[in-house]
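Chain by chain, the residues:
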Amino acid sequence: MSERIASIDPRQWPPAPAQSAAAERVESLIFDRLITLDVRGALRPALAISWQQDRLAKQWQFRLRDGVKFSDGTPLTAPIAALALQQLLGAAFDVSATSDSVVIQAEHSLPDFPTQLATGRYFIFNTGEDNSLTGTGPFRVGEWPAADGPGRAGFLANGNCWAGRPFVEKIELTMGVDFPRQANAISFGQADVVELPASQVRRAAQRGIRTVSSDPVELFSLVIDGTRPAMQDAHLREAISLAIDRASIADVILQRQGTAAGGLLPNWISGYAHLFPAATDLRRAKDLLPASAREHSRSMPLVLFYDSSDAEARAVADRVAVNLREVGIMVQTSGQITDSKTKLSPGDLRLMRLYIKSPDPGDALSELLNSIGEAPTDMERPEQIYAAERATIDSFRVIPLVHVSENYGLSPQVRDWMAPRWGGWKLEDVWLGPPAAAGGKSK
Amino acid sequence: MSFRTKLLVFFVTTIVAAVTLVAWGVSVYTRRAFEEFDRQRTDALVAQFRREYAQRGDEIAHRVQSIADSEATLRMAMDLNRPQADASQYYNDSRGIAQSQQLDFLDIVADDGTLISSSEWPARFGYKNVWVAEEPDWNSKGAFLRRVDTPDAVDLGMLAVRTIRVGEKRLFLIGGQRLDQNFLATLVLPEGMRTLMYRPS
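Protein sequence lines, in the order shown, are assigned to chains A and B. Each residue of the first sequence is one higher than the one before, starting from 0 at the first, in numbering that gives the first Met the number 0. Each residue of the second sequence is one higher than the one before, starting from 0 at the first, in numbering that gives the first Met the number 0.
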């Protein structure tokens, strides 16, 4: 995988969206949540077999599954689960244990709390005497790389897993591998599963590599720094949105593996994405900008930052700059390291990949708004979700560009790859068999 | 004035006049000879520069022709000639081809002038290069100078255009090298000759 995560501790969840998405994938090998989502996004019992709420949805009780053991043989008990959740949920929640249940008391009503617990970092873990973490998931950590060494981790099948032993005995995961090296690895039979950037999926399929794609779960978007003087003009922000040719980004740069986005949520989640058209309107964009603004832009171009390690992001940023130049908005693109250690320079615009981590529209939108620093409002009912999204789009503080799938290349031996619609892995279901017919693409 | 003095003046005047005449004649002859030599040398140097420049143009045209003659390019042209052809898959191709032929610029342009792929400005795909579609026979033409837009500047390029015709449609290849100090430095010039380039901003 291209990202490298420092630890498998859910308490040290990386803030960067790409890293947290990677952490979620890796940690789901080792840990389980109380509740999970099936491949269609419906809630399913995991470590909790049932749950109930009080009338105001402030107090939730989760009854734990009997006979579950951590990978070191320690039985799962309500106090262990409560302690883990208390550390992850924070002081705003009061988590207690009964004989067979975990009780969570919130300060305000949380009608979608089970969906929240079924995604993100809300894993149940046990802290050993040496501070090592164990989980109840299908694998346990066999080897974890040193911080300054090669990013190779090893995971061994957990024979104690309550859901059954996984088919594969061991997984070797190499982190921090760029996409070209991953593509080479799958081509030369050195890997069974690799990540593929959207722009490489078609080429990989032409080379006979099996490819699988999720539904659109990433959003390329321009996030505007409203504190910058140049970006406080709402007309300029709207002109930027109208000038961008999203279809050509989706069709050419991302090689038809993306869809032009006028809204934040993809249609498969919200069902109303058609209410946010993604059409280009150069005439209106030009009309919105007075000549003085264009003149000012020529002498002082806007600065657009992108992740310097992301070749697709660079191509998209350059294309945005070309589109904006056409309406007289000059933009200077600049690559920037976006890991958690580096302080980001202020820029007028930032091209970001935002990750959709839940098939639930409210949760997905909350996560998206959180990741761009917007405070989510109440989003329980569909009309509230739509209103929140509409308000964000109409403010032009974030300009959606393209929704993109998560893509993988699989070796011919990999069988039963059944990833959820919203991406991620389910490696416990995968087994390796004799090579199947190569090539092809599946969802 | 005595006869003796007159004779002296006459001889002196005659000698001075003769010396002046000879000196003037020698000077004129020498200057003309030098100017002729200088003109011949300059002509030789300019001719050598032009030969070198034309050779570079031929090299560029030859490299672009090599790209046009390649099987991959022919396949691309045939593919793009199909109804509802998808040009997007070639969006990234020009950079690798340009590197393999040591060209600074390479644009792959469709029959209607739409840019399919550009090595110097990949993000400009989809925009029109109208001028290239207006010339009916590029294959008989040599290299020429033209301004080339890049993301950061406008460069001067020595370009050559070649076309591949499949059916009714043409595929244009515009390839070239940047004409800058580095380009001038690679020209093989006679000793003592120096080329300077003036570029108005």
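Please note that a few of the clues may not be correct.
[Claimed, not checked] Calculated pairs, SDA-like style, for lysine to any residue (alpha carbon to alpha carbon, straight line, at most 25 angstroms):
hint: 1; chain 1: A; residue 1: K285; chain 2: B; residue 2: E134
hint: 2; chain 1: B; residue 1: K127; chain 2: A; residue 2: K425
hint: 3; chain 1: A; residue 1: K285; chain 2: B; residue 2: K168
hint: 4; chain 1: A; residue 1: K68; chain 2: B; residue 2: A152
hint: 5; chain 1: A; residue 1: K285; chain 2: B; residue 2: R123
hint: 6; chain 1: A; residue 1: K285; chain 2: A; residue 2: A233
hint: 7; chain 1: B; residue 1: K127; chain 2: A; residue 2: G150
hint: 8; chain 1: A; residue 1: K285; chain 2: B; residue 2: D151
hint: 9; chain 1: A; residue 1: K285; chain 2: B; residue 2: K127
hint: 10; chain 1: A; residue 1: K425; chain 2: A; residue 2: A233
hint: 11; chain 1: B; residue 1: K127; chain 2: A; residue 2: T258
hint: 12; chain 1: B; residue 1: K168; chain 2: B; residue 2: E134
hint: 13; chain 1: B; residue 1: K127; chain 2: A; residue 2: D280
[Said to hold, decoys possible] Some but not every residue of chain B turned toward chain A, in silico, with C-beta under 10 angstroms:
hint: 14; residue: F10
hint: 15; residue: D85
hint: 16; residue: A86
hint: 17; residue: S87
hint: 18; residue: Q88
hint: 19; residue: N91
hint: 20; residue: W120
hint: 21; residue: P150
hint: 22; residue: D151
[What the hints assert, rightly or not] From chain B, some residues computed to sit far from chain A (all C-beta separations above 10 angstroms):
hint: 23; residue: R3
hint: 24; residue: V25
hint: 25; residue: V27
hint: 26; residue: Q39
hint: 27; residue: E58
hint: 28; residue: D68
hint: 29; residue: G112
hint: 30; residue: N138
hint: 31; residue: L188
hint: 32; residue: R193
hint: 33; residue: M196
Keep in mind the hints are simulated off the structure, nothing from the lab. Cβ coordinates follow ideal geometry from the N, Cα and C atoms, glycine included.
Against the structure, the hints come out as follows:
1. A:K285 x B:E134: violated (33 angstroms)
2. B:K127 x A:K425: violated (46 angstroms)
3. A:K285 x B:K168: violated (35 angstroms)
4. A:K68 x B:A152: At roughly 64 angstroms apart (the allowed maximum being 25 angstroms), A152 (chain B) and K68 (chain A) break the hint.
5. A:K285 x B:R123: Measuring from Cα to Cα gives roughly 19 angstroms; hence the hint holds.
6. A:K285 x A:A233: holds (14 angstroms)
7. B:K127 x A:G150: violated (46 angstroms)
8. A:K285 x B:D151: Given pair K285 (chain A), D151 (chain B) holds - Cα atoms ~23 angstroms apart, limit 25 angstroms.
9. A:K285 x B:K127: With Cα atoms ~20 angstroms apart, K285 (chain A) and K127 (chain B) stay inside 25 angstroms; holds.
10. A:K425 x A:A233: Distance ~44 angstroms between K425 (chain A) and A233 (chain A) Cα, so the pair is violated.
11. B:K127 x A:T258: holds (24 angstroms)
12. B:K168 x B:E134: holds (14 angstroms)
13. B:K127 x A:D280: Holds, because 18 angstroms separates the two Cα atoms, which is no more than 25 angstroms.
14. F10: Violated: closest Cβ of chain A sits about 81 angstroms from F10 (chain B), beyond 10 angstroms.
15. D85: holds (8 angstroms)
16. A86: With a closest approach of 8 angstroms, the A86 (chain B) hint holds.
17. S87: holds (4 angstroms)
18. Q88: The hint holds - Q88 (chain B) has a Cβ within 10 angstroms of chain A, the shortest such distance being about 7 angstroms.
19. N91: holds (8 angstroms)
20. W120: holds (8 angstroms)
21. P150: holds (7 angstroms)
22. D151: With a closest approach of 9 angstroms, the D151 (chain B) hint holds.
23. R3: holds (89 angstroms)
24. V25: holds (64 angstroms)
25. V27: holds (59 angstroms)
26. Q39: Non-interface label stands for Q39 (chain B): nearest chain A Cβ at 51 angstroms, farther than 10 angstroms.
27. E58: holds (30 angstroms)
28. D68: holds (24 angstroms)
29. G112: Nearest chain A Cβ is 16 angstroms from G112 (chain B), so the label holds.
30. N138: Consistent with the label, N138 (chain B) stays out of reach of chain A, its closest Cβ about 28 angstroms off (over 10 angstroms).
31. L188: holds (38 angstroms)
32. R193: holds (36 angstroms)
33. M196: holds (26 angstroms)
In the structure shown, a violation is registered for the earlier hints numbered 1, 2, 3, 4, 7, 10 and 14, in ascending order.
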